[in-house]
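*Asks:* In order, the protein sequence lines correspond to chains A and B.
With the working numbering, letter number 3 in the first sequence gets 0, and the count goes up by one each step, no holes.
With the working numbering, letter number 98 in the second sequence gets 869, and the count goes up by one each step, no holes.
Misleading hints may appear alongside valid ones.
[Stated by the list, open to error] Take a look, some chain B residues computed to stay more than 12 Å from chain A by CB distance:
1) Arg793
2) Asp797
3) Arg827
4) Lys844
5) Ala865
6) Glu866
7) Pro870
8) Arg964
9) Leu987
10) Asp990
11) Val991
12) Ile992
[Claimed, not checked] Quick list of in silico lysine to aspartate or glutamate cross-link-like pairs, EDC-like style, CA-CA up to 20 Å:
13) B:Lys895 <-> A:Glu52
14) B:Lys894 <-> A:Glu270
15) B:Lys894 <-> A:Glu313
16) B:Lys978 <-> A:Asp246
By construction, these hints were calculated from the structure, which means they are not laboratory data.
Backbone N, C-alpha and C fix where the C-beta goes; we use that ideal spot for every residue, glycine too.
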Amino acid sequence: MKVFPYPRLRGTVSLRVDAARVKAPEQPREQLDSRARSVVERVVALGLAETENWETATLTVSATIPSKATERGSPWSDVAVVVVLADRATNTRVTSMLAPESEGGREWRGELQVLRADLFDRATMMVQVVATVDGVPGRIIAEGVDDWIVDVRSDAPTREQAFDVKEVGFAKGPRWLQQFTDAPWIVNAAGALPTVHINTDFEGMTDILGAEGRGPEGLVNEIMVAQMAADVWIAVFHSAVGDLEIEDDGTPLFPHGWQGEVLREMLPDVVPERTLEDALCEVHSRRVGVTGWTELQPRIQYAAMRRAEVPRVFLETARGLDKLKREDEA
Amino acid sequence: MTDSPYHLPEYLARLADEDAVRFITDGLLSGKDDVPTIAVNQAAEPLPESPRWRLRAIRDLIDDAMRTYQDNKPTQADAWLAPRLHSILRLTRAEAADPALWNYLALGVAPDFVVWRHLSEKKKTVNPRYFKGPYHKQAFARLWWSAELFRNGSDYEPVETACGNQDMLNTVLRLDVIDHRPTAQALVRLLKREIVRTGRDANALGKAVNTAGATLMYDVIAPDVVRDANAVQRWIGEGDEGLVMRHRSLPVGPAEERALEESIERLADYFAELFADAPVRGKGEATEDAEDD
């Protein structure tokens, strides 16, 4: 919990993208239809645009903030609602001030324009509420609970999970998978997104993958999925600590993207009771140092199992089997 | 010493990360071996044969930098090279975000420069991230991006100032706060005014400004003008028509509007206050340059 030296606005701040359009020079602007947006996943897929070589995209956005922000007698003045689009790959940050829609000051609306040439693939968009507090202008008094993703390449507005799942027959699949035909699944953490390749050639795999409910196959399905997830967490943890950026004084830095997210999630279980930065230093020095890396492995497994909810699933499986047995006996 | 490639194709290419690692050997990192030029070019994926991607002019510029600064510390070449590299290698930000382009420059075009510039005297080796690494570390990406983020519209002078301090490049370049132009310009101004002098000063200032940025929105205090959709496109278009690059005078960047003077000044004043209160390692000791390998 962060402590702020000034009063912050409590309550929910939310952001929506209401429309998106793109424009290429000397062509009419194209309004993207609603399939390009997912309000549930909070993603805009600009790859759906039919205009080739569009140069600018304009997003119509709206935000809802607690009415307390603009109530008379509040500690805040000059309240502004600002949408921020950021792409870390291109070091690009675009901001736009929204305008209040109504007297109450809850609904704010505006547009944000961004250049295609400034975005690599995915940018994030968030909303912040800014005000003058105690005579200090520009204080951030609240931010949106969830961000949006603006994807300039994809034609489907999906956020994707932390990892990708591909079902593929290994025997006739990509060359590097052919060497693993006797494995039910393989995790690859090298790419832009970690991927579980599930071997559909493996006997019984398709049945178990499709199984649901509390029957024996359903129980096996759940425990298999949990085990796969644990494998993914272990693989991505190793991949992330294996490729750390190190400061001149030897301090490791948190990476961007999913590698950073994975480390932040797992480190409290791997090196408990330490700050994230200290924990990362500890893990790094054990990995590159003389000793301690081997001893750390059980903790990495433990952290992965917790993320993958192996303990819960295992308990439920055991209870489920017990119940099936009793039903058989009855 | 690692030599310049004996064969240079006419155009630049891309070398993917997984291919680049093969060529970053201990022999190269210690400056003893050359890069196998033919193998690098076989693994690389060619870029379109347009004048913008011609690599001869880039190689000439790098040669000039090494010749000009042969009797100085190689770190001093940064301030000279950054604006000129940016001006000759005309890229959109989306293109510059592609690590494969930088990998190729380091391994296919000028591995000798990377060794010359970044061989650590103490460790007798080059940190591999100068060949293949993040934008704020890789030997050419760091120069290009510092020029992109520290230029004020078409004016590269702030880039020279920023790159004259190794900690602006090593620490401040990677901070998200400088993605806001008036913030980047205000930081340079404190260097220019010698309020901030040493590497440690710059480091402390960067950290203080970044920390304050967690509760203050600089974009609101110090607004910037809207980015011009056409200026960079026109500048890149000129590159596609072919460029004649003069090395001696400071080049002129894309004809974008400058950041608002009022915004820069307001932040510069504020940052000077922050800096006055910021803890600086070894403050008051004799000034020294940051160690840079």
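*Asks:* Does Glu866 (chain B) really sit off the interface, with its C-beta more than 12 Å from all C-beta atoms of chain A?
*Replies:* The claim is violated: Glu866 (chain B) sits with its nearest Cβ about 8 Å from chain A, within 12 Å.
*Asks:* Using Cβ atoms and 12 Å as the threshold, tell me whether Ala865 (chain B) really stays out of contact range of chain A.
*Replies:* Incorrect as stated: the minimum Cβ-Cβ distance to chain A is 5 Å, not above 12 Å.
*Asks:* Is it the case that Asp797 (chain B) keeps its Cβ farther than 12 Å from each residue Cβ in chain A?
*Replies:* holds (17 Å)
*Asks:* Is Arg827 (chain B) truly not at the interface, in the sense that its beta carbon sits beyond 12 Å from all beta carbons of chain A?
*Replies:* holds (25 Å)
*Asks:* Measuring Cβ to Cβ, find out whether Val991 (chain B) lies farther than 12 Å from everything in chain A.
*Replies:* At about 5 Å from chain A, Val991 (chain B) fails to clear the 12 Å cut-off, so the statement is violated.
*Asks:* At 12 Å, judged by beta carbons, does Arg793 (chain B) keep clear of chain A as stated?
*Replies:* Answer for Arg793 (chain B): holds, closest chain A Cβ roughly 14 Å.
*Asks:* Would the non-interface assignment of Lys844 (chain B) survive a Cβ cutoff of 12 Å against chain A?
*Replies:* Lys844 (chain B) is indeed farther than 12 Å from all Cβ atoms of chain A, at 17 Å.
*Asks:* Is the hinted pair Lys978 (chain B) and Asp246 (chain A) satisfied, with a Cα-Cα distance of at most 20 Å?
*Replies:* Distance of about 16 Å is within 20 Å: holds.
*Asks:* Within a Cα-Cα threshold of 20 Å, do Lys894 (chain B) and Glu313 (chain A) meet the stated pairing?
*Replies:* violated (56 Å)
*Asks:* With a cut-off of 20 Å on the C-alpha distance, tell me whether Lys895 (chain B) and Glu52 (chain A) pass.
*Replies:* Judged against 20 Å, a Cα distance of about 47 Å means the pair is violated.
*Asks:* Per the stated criterion, does the least C-beta distance between Arg964 (chain B) and chain A lie above 12 Å, as a non-interface residue requires?
*Replies:* Fine: 23 Å to the nearest Cβ keeps Arg964 (chain B) off the interface.
*Asks:* Does Ile992 (chain B) really sit off the interface, with its C-beta more than 12 Å from all C-beta atoms of chain A?
*Replies:* With a cut-off of 12 Å, Ile992 (chain B) comes too close to chain A, as the shortest Cβ separation is near 4 Å.
When held up to the earlier numbered hints, the structure conflicts with 5, 6, 7, 9, 10, 11, 12, 13, 14 and 15 and fits the remainder.
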